[in-house]
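Participant: Chain by chain, the residues run as shown.
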Amino acid sequence: MKRLEKKIAVITGSARGIGYGIAEHFAAEGAVPIIIDIQQELIDAAIEDLKHDGYTAYGYVADVSDFDQVGNVIKQIIKDHERIDILINNAGITRDSLLLRMKEDDWDKVLQVNVKGTFNFTQKVSRYMLKQKSGVIINIASVIGLMGNAGQSNYAASKGGMIAFSKSIAKELSSRNIRVNSIAPGFIETEMTATLPEQVVKQYQESIPLKRMGSVKDVAKLCIFLASDEASYITGQTINVDGGLVM
Amino acid sequence: MDVFKTVKELIVEELSVDEGQVTMEAKFIDDLGADSLNMVELMMAIEKAFESFNIEISDEEAAEMTTVGDVVKYIKEKIE
Ligand SMILES: NC(=O)c1ccc[n+]([C@@H]2O[C@H](COP(=O)([O-])OP(=O)(O)OC[C@H]3O[C@@H](n4cnc5c(N)ncnc54)[C@H](O)[C@@H]3O)[C@@H](O)[C@H]2O)c1
Chain A
13 MKRLEKKIAV ITGSARGIGY GIAEHFAAEG AVPIIIDIQQ ELIDAAIEDL
63 KHDGYTAYGY VADVSDFDQV GNVIKQIIKD HERIDILINN AGITRDSLLL
113 RMKEDDWDKV LQVNVKGTFN FTQKVSRYML KQKSGVIINI ASVIGLMGNA
163 GQSNYAASKG GMIAFSKSIA KELSSRNIRV NSIAPGFIET EMTATLPEQV
213 VKQYQESIPL KRMGSVKDVA KLCIFLASDE ASYITGQTIN VDGGLVM
Chain B
120 MDVFKTVKEL IVEELSVDEG QVTMEAKFID DLGADSLNMV ELMMAIEKAF
170 ESFNIEISDE EAAEMTTVGD VVKYIKEKIE
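Sequence lines, in order, name chains A and B. Per my numbering, residue 13 is the first one in the first sequence, and the count goes up by one each step. Per my numbering, residue 120 is the first one in the second sequence, and the count goes up by one each step.
In case anyone wonders, no lab produced these hints; they're calculated from the structure. Nothing here was measured: the structure is a model prediction, and the numbers come from that model. Heads up, the beta-carbon is just placed ideally off N, CA and C, and yes, glycines get one too. Take the hints with a grain of salt, since some may be wrong.
[Stated by the list, open to error] Result set (PhoX-like, lysine-lysine): computed pairs, CA atoms no more than 20 Å apart in a straight line:
(1) Lys-127/B with Lys-195/B
(2) Lys-87/A with Lys-19/A
(3) Lys-143/A with Lys-91/A
(4) Lys-145/A with Lys-91/A
(5) Lys-143/A with Lys-127/B
(6) Lys-127/B with Lys-87/A
(7) Lys-195/B with Lys-124/B
(8) Lys-143/A with Lys-167/B
(9) Lys-233/A with Lys-18/A
(10) Lys-18/A with Lys-63/A
(11) Lys-124/B with Lys-91/A
(12) Lys-87/A with Lys-128/A
[What the hints assert, rightly or not] Pair ranges (Cβ atoms, derived):
(13) Gln-52/A with Gly-188/B: 32 to 38 Å
(14) Asp-149/B with Asp-241/A: 45 to 51 Å
(15) Lys-143/A with Ala-182/B: 47 to 53 Å
[Said to hold, decoys possible] Incomplete in silico selection of chain A near chain B, CB under 10 Å:
(16) Leu-222
(17) Lys-223
(18) Arg-224
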């Protein structure tokens, strides 16, 4: 028996990387992934790949940081699919720089996409989950939001913000059987980390107790568990997928 | 327009109560079993139902409304 049979799952930033991996693994568990990303071509390619593997998936363009766009897209999704069972706030960006050199725009952009994007989607979707009296929200944070990192103060603030936001919303929505949790991935092999210099990657690997980078699958498997009824008593938590980096 | 009738319909829908329970004197929390989330949802539903009058209920105003009558009176004042 598949664990997410017929569940409508909205996943932001899912045309590639971790988000795409979640969409793929969700589809394999019987869910209907709804791909949200910023460019139509990226979405089309992702849907094509999923269809090729025999899955059903739908895509909608939205910039998660744009409040009105998000409102319209959610309305359209409800019109087309009638409900939203699972929301995964995964879209995220980095603009790394040491504090002294950080441009105002680097700070603003990262908080707009990572934190405000999460707020936008959560607010719009929770309306329908409240009516359904059920729903699961998973926010993809980062270990950086827990331990901080030189050169990533904006990113760390955004991910720490997402974690604190998740806990507050978990409390607000608990009486309607809506669960909200965060996942804090460590170093996961994707386009986002592919740009790191080899030297840096080596250093990271040395510092990870399990001595390897994580895979998209590692994150997706935890998402499946948290989204399924197997996790029906788990809310307001932050769970690390990081090879033991943060303990 | 019958404000009470519209409000009553919204309350029956949002709070899953019987029509008979929704009197002008009924208290949302004590008599109709509403919680804080229900109240937010109800206020949003009212704003939507009376959209054409551009009613926007602030949190402070909402906190003052404890009975069905309070809400009906508030809306009547706004649309007149
Ligand atoms: N890769 C890692 O090692 C790692 C570690 C910890 C946390 N994370 C988090 O996981 C999430 C996914 O990361 P990834 O590595 O897959 O990144 P990625 O860059 O490969 O993918 C991110 C996706 O989000 C989309 N996106 C960006 N801005 C958007 C916006 N404004 N609106 C809509 N879509 C937008 C991009 O187009 C892209 O498809 C991010 O939140 C990231 O912070 C990643």
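Participant: Which numbered hints turn out to be false for this structure?
Facilitator: Per hint list: 6, 11, 13, 14, 15, 16, 17, 18 violated.
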